[in-house]
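*Asks:* Given next are the chains, with one letter for each unit.
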Amino acid sequence: MSKRHPAFPLNRRQVLRAGLYGLGASAMPSLFARAMAADGTEAHPERILVVVELDGGNDGLNTVVPYGDDAYYRQRPSIGIPAKDVLRIDDYFGFHPSMGSFQRLYDQGKLAIVHGCGYENPILSHFASMGFWHTGVPHGGETLGWVGRIADAMRPDGAENLIVNIGKAQSLAVRSRVHAPLVFDDPDRFLREGRHEQAPVLAQLTGDRESPNATLAYLSDVAESARKSAAFVRQAWSDYHTPVSYGLELPLSQDLRKVAALIDAGMPTRLYYVKYRGNSFDTHVHQVDLHARLLTYAVDAMDGFLEDIARLGRANEIAMMVFTEFGRRVPENASGGTDHGTATPMFVAGHTVKGGQYGAPPSLTELDDGNLIYTTDFRRVYATMIGEWLGRSDTAQLLRGDFAGLNMFA
Amino acid sequence: MTRLSMTRIGGALGTLALAIVATPAVTDDWADDWAGDLSPIAAADWSHDRAAHLLERAGFGGTPEEIARLAAMTPEQAVDWLVNYHAMPNQLAPFEESGIFDPGMEPFPRSRAQTVKWARADGEAMGVKVKPGGDRPYQHVVNKYFYYLRSDRLENHRLGQYWAWRMLATQRPLEEKIALFWHGHFATGDDKVRDYRKMANQLATFRRLGVGNFRDLVVAVAHDPAMLVYLDAGQNVKGSPNENFSREVLELFTIGIGNYTEADIREAARAFTGWTNDGLDFVLDTEKHDTDAKTFLGRTGNFDGTDILDIVLEEDATARFIVGKLYRFFVSDSAPAGVIDRLAARFRQDYEIAPLLRAMFLSKDFYAPHAYATQIKSPVQLVISTYRKLGLTDLPGVPDFHRATEALGQKLLYPPNVAGWEGGRSWITAATLMQRGNFARDVLFPPIGEFRAPDRALTQIYRNVGLKLDVGLDITAATIEGGDTSDGMMSMADRMVAVSDEEFNTRYAAYHGTVMAMKRVKAIPRVAAAMDLTAMARDAGVKTTTDTVDYFTARLLRARLSADQQAALVAFLDGELGTSDVRAAMSYLEEPLRHLLHLIMSAPEYQLG
Chain A
1075 MSKRHPAFPL NRRQVLRAGL YGLGASAMPS LFARAMAADG TEAHPERILV VVELDGGNDG
1135 LNTVVPYGDD AYYRQRPSIG IPAKDVLRID DYFGFHPSMG SFQRLYDQGK LAIVHGCGYE
1195 NPILSHFASM GFWHTGVPHG GETLGWVGRI ADAMRPDGAE NLIVNIGKAQ SLAVRSRVHA
1255 PLVFDDPDRF LREGRHEQAP VLAQLTGDRE SPNATLAYLS DVAESARKSA AFVRQAWSDY
1315 HTPVSYGLEL PLSQDLRKVA ALIDAGMPTR LYYVKYRGNS FDTHVHQVDL HARLLTYAVD
1375 AMDGFLEDIA RLGRANEIAM MVFTEFGRRV PENASGGTDH GTATPMFVAG HTVKGGQYGA
1435 PPSLTELDDG NLIYTTDFRR VYATMIGEWL GRSDTAQLLR GDFAGLNMFA
Chain B
431 MTRLSMTRIG GALGTLALAI VATPAVTDDW ADDWAGDLSP IAAADWSHDR AAHLLERAGF
491 GGTPEEIARL AAMTPEQAVD WLVNYHAMPN QLAPFEESGI FDPGMEPFPR SRAQTVKWAR
551 ADGEAMGVKV KPGGDRPYQH VVNKYFYYLR SDRLENHRLG QYWAWRMLAT QRPLEEKIAL
611 FWHGHFATGD DKVRDYRKMA NQLATFRRLG VGNFRDLVVA VAHDPAMLVY LDAGQNVKGS
671 PNENFSREVL ELFTIGIGNY TEADIREAAR AFTGWTNDGL DFVLDTEKHD TDAKTFLGRT
731 GNFDGTDILD IVLEEDATAR FIVGKLYRFF VSDSAPAGVI DRLAARFRQD YEIAPLLRAM
791 FLSKDFYAPH AYATQIKSPV QLVISTYRKL GLTDLPGVPD FHRATEALGQ KLLYPPNVAG
851 WEGGRSWITA ATLMQRGNFA RDVLFPPIGE FRAPDRALTQ IYRNVGLKLD VGLDITAATI
911 EGGDTSDGMM SMADRMVAVS DEEFNTRYAA YHGTVMAMKR VKAIPRVAAA MDLTAMARDA
971 GVKTTTDTVD YFTARLLRAR LSADQQAALV AFLDGELGTS DVRAAMSYLE EPLRHLLHLI
1031 MSAPEYQLG
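Just so you know, the protein sequences line up as chains A and B, in that order.
Heads up, the first sequence is in our numbering, so the first residue is 1075 and it goes up one at a time.
Heads up, the second sequence is in our numbering, so the first residue is 431 and it goes up one at a time.
Just so you know, these hints were derived from the structure itself, not from any lab.
Glycine included, every Cβ here is placed at the ideal spot set by N, Cα and C.
Below 20 angstroms or equal to it, Euclidean Cα-Cα: the simulated SDA-like pairs (lysine to any residue) are:
id, chain 1, residue 1, chain 2, residue 2
1, A, Lys1242, B, Gly854
2, B, Lys622, A, Asp1363
3, A, Lys1302, A, Gln1278
4, B, Lys668, A, Val1359
5, B, Lys622, A, His1360
6, B, Lys622, A, Ser1409
7, B, Lys547, A, Asp1363
8, B, Lys755, A, Gly1205
9, B, Lys668, A, Pro1405
10, B, Lys668, A, Ser1409
11, B, Lys718, A, His1360
12, B, Lys668, A, His1360
13, A, Lys1242, B, Glu852
14, B, Lys547, A, Leu1364
15, A, Lys1242, B, Gly614
16, B, Lys622, A, Arg1367
Output of the computed footprint for chain B on chain A, the stretches with three or more beta carbons under 8 angstroms from beta carbons of chain B:
id, stretch
17, 1251 to 1265
18, 1353 to 1362
19, 1408 to 1421
Extracted from the complex, chain B is given alone in its bound form:
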């Protein structure tokens, strides 16, 4: 085991930098016959580019200095450094919770209507009593319901932000990368779970078991409260099974479609009946568990959920399905013939994930042209690797992380559905491709002046409610859209609508809950990226604009630009600097360099990793 502590501070290692530029670009004449070759790459074939490829795929890319450290190892040492991460210390601060829960808030009602129903029955709900008299007796209860919804969402955004920071700051990049893989595989979203603690626990499971044994992982996920809630497991009861959970377990999590029948799904659903959660804990509700015999994949017995998983794991198709997905995520969209089967045959023996990944990352196939610099980076990969390549150690608060990735089609902890993100070419549309360039621009030229923190910005509707309340309108008047603050006049129809709603006012509750949530949930620090491209260029020893373009394209791109495009970038920089002698332009280099990087990052090549 090689223990290295990596630094992402530039400068001292800057002399390495120009050597990188001299590394020969990957060409098609080598390695074409590496496709499908699972034998390990030889030390003699190890290079800076290949080390960079490894770090990009097994992690989130890095600075030239980080890549140089991996390149200086043998391939085995480099891969082991990434894969055997549990042996390495990783002193990352834990997630700091805001503390949004008050006594009595759990269990959470599933809707506003249910909140009111409970309050009507019990005289209180979510720890808030119904007012014994006066206007809008349920108002405080409903306020609390909206506070819970909004504060959980904000806190879950902080959790996603925290995870992104870990991807950036970690010494164990594969730990976060594999967690991202499993998050897409066992896709669960807080829009339905509505409890960031369950999401955090699930993520911790992905980190703990991410490269462990797949059986342990899938059993843990089947017991995971976030997943159970997400797939309505609580509704799956003896006598009337809800198939949502068992269907997705088979189709998406283990064996894949085409290897079982609809009847198998129904029988599996019976085996999972009664699997539910009490808050953050798994619970088997024996009253609701079906203990009769089930027939699943040709076997009959009194199976429970774990038995179902064990039967599924005995199928070769399961190993192939999981290996296929891992291969696509880490290696290539187009697996050469036979590769998946060969890897799966080995994986099937014990379902150990770390040795599988080690074999993949060491194989010549991993460095073959079908794999090298052919993967479209996911939005999260694009954003984090951009920051890592720029040497940042703090996650910028401007641009907002979630806004940036969501605009590109991915938001952590909010996958589009239980199938996760499709990945590959689906990341790219005309709009998202442009938006990727705009993200680069927002990093290089942070829009400080006009930035409004999403975790502190009320929407226009709620701003209007607040403004109207502040000028003395009553709740009814303040919450009617279009109600005018200047003369307080309302149409009779508007007034009728408002007054008829007097047990509580929903819009006021939503406004109030949102404001309360913003007060209680910790703010995300809004600091823009701190970087000094001039120092980077100086430390790299660049002398000419050609050197500069070569240095930054090598630092940022795995797929190389054409000579024409490189020349166009040099011409652009020449024009901006008024000279091709960079040393003469040091005092005003920063802004032109930022424009240069914006251009490089806008190229289609930058989308490939």
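Isolated chain A (complex conformation):
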């Protein structure tokens, strides 16, 4: 980020940070008043959900390692994590040695591990399986995202910036019927450049409008959302300074710090969505060193985020859910990697989560053609976040089915 290592004392982007639409301190509060609908469906209107996606299919068996099971070492003679190296959870499981910060969170009771998450008739395609996790309706033809549907239920009338998705493109998970999720990547560049005298015309050209052309109507919605939010996001980011380390300066660290900045600045967002980008966890070949790095980067960033929001005094308002589209095949392949698989652990982290292990560990001997048989429908975790964390009573409606929560929050 240029604000951390400015190349020049002042560059054009910084000069223009104030932006075409100005940035009076008055710009934000009235626009984004944090008023929640008192529709009775929500017990905790202050709570925020942060979803973290690990893109590419994280190897769950080398993440939460069943080191107490001989079958694990039989299936993974060259890439198995030696028992002596794991960070011990109990007599059967240990974290990958790169996950020191998760072990600490676990020991502090702030991290829940949910074993064996998956769904019936698993699909081993990245794109199809990720689509199932995004919609929360496997094999269902659902077109909206599960996070988007939560927003629709929270504020059926629409509201500014209920969902923020940090990334280059919008995730299907946040696709919503009435909300235009705010999607951006680099806050410093979230800026419409132009001259003072152009501003009124630009506002008119980019403003909301009705059109029979559905695509044009969509573009206008997005333009309107951008116009209203960009200055706030830029300001929040440029004002944000934290002493907390998020690990190496990688996109996930920065993205989670952007979330902290927006939370600190009073953004009315309830649903944040970030991802470890670029299909990174798709470790088909020579995965040992690569996977170790990926895990370090991911868990250090998440740990830093939790520490940072505690510093902000917002620890009790935030819970983070971590998922990937599938785990990997139990046996390693011939190239020191693993192919696409099925069930995999999920994580829920936060200061109010009841840490520990949830769900039954999947068997390493009773496999479906080399794949784990899932033990926990992943929608039970979604149900936990919707019902127990966000305190909503319409979980079954939102998830298109009845899924019991895991009793994970005090």
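Keeping the supplied structure of chain A fixed, place chain B upon it in accordance with the hints.
*Replies:* Just chain B now, kept in the frame of chain A:
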């Protein structure tokens, strides 16, 4: 076959320009019943707007003069001119390679660690010997590894830049457009391939076979070294198949998900075992090829990869899948009922792509409201069509092409994954929509003063290394972050870290390799767009600010602005010029016109093609 040589030089044809403004805007009262109608559009229905639509979709848009030439043809002539491009000469200079390879650099190690491993075993790696004594014996070897990584990346950026130039300068726009389609379909990225020559060869295949026979194309791609590397085909060996390649061949390249089982994927993977490459050549490694019987899509036999492809091509689902993707790319996101099936039934007979595209482009459906001016331009389409509409023939070096498109979500030769770019609404976020307007501004007001060429700019970390070396710090001291040049003092902990790394210094190697790469890879010319909007307006014969706004909105937009918005633009121009008589303001027209174009290009309408 109509042979026309197109010119994109304005002026002589300028008298046409005002006539364009008079062309009636597309309205909803015609053509609604054209949706789903695959019969050809009649010559009587052919118009400037429809010719413009054709050029935008089958190519990258163009100037009013280019559009006028197509509009003057019959629809069949216009479509044939675009589709039968192989009959047309196209004198484009080939890609000029920088020449980054030295003897012994191949085969490429996959990592720094492997480089060192090879060097340890053989006393040399990548053509560089290990130093027999002295400090950091592996330093030169590791330097070379980083030089290879960095120079390949820079050269691949030049290749992408060259491709963009072809899109701009070509006389055969569909050749480049279809290559762009196949690049998104058979998506392959140099971040993993790490060899621009393989990327260039793959692109040449897309140009050569792009509108040919789909079987030829898919067989060629299955033998293509860039693809084989990208999908780990080299790791797919008898006895322990790696499924990455066969899975994507089925799911993304041919038949589409839902038409096969996981078992089919594994059997197909066995058929592709041993398919690999030796540098730029396909190789079948017979030792690693599984010659036992496989059962695939219900058939059993000793299939090899080509057999698998042939079996897949016999499935109707394959024709539907490919037609569906082509339709979405060229025509519309929302295909009327039955259209894909009807087009696919014909395509299925011989898998010839050119007749399929010809039928699509000629159909009334292609010009129906669900298709006309409803497509969100991809970032590459936005950038290239902007340049073409402005009449440019050279690709501007400022703004940087890749930086511009990447900020909008697309970088040529670096697709996000093997599924390519999702396209459609996924191009648009609040941030990228703003950035699209900023791109227009960077074209119209090039940031010359502060521009730093990405192919020549070191990052801050490497600049610091260079600065510290220049003031006499040793390699260890120079490569420690935070090591201070003013007094040369380092903490003991820092020094320990540095000294323990004495076989080679990675950061120095990365710095050295980057600098070497910048020295060897040819520079991208950094010339800003040369355009003269005043001359454009004068040649168009505009008299008033209303004329001017009408002229430029017609030139740039396929979806029209509302009357209110047009009026706001006129008011803006009136204010800037101090008059509505443009002829009185000719001497200072250029800058206000550039502001005007920036406004037009910032409108949501400009994102539609």
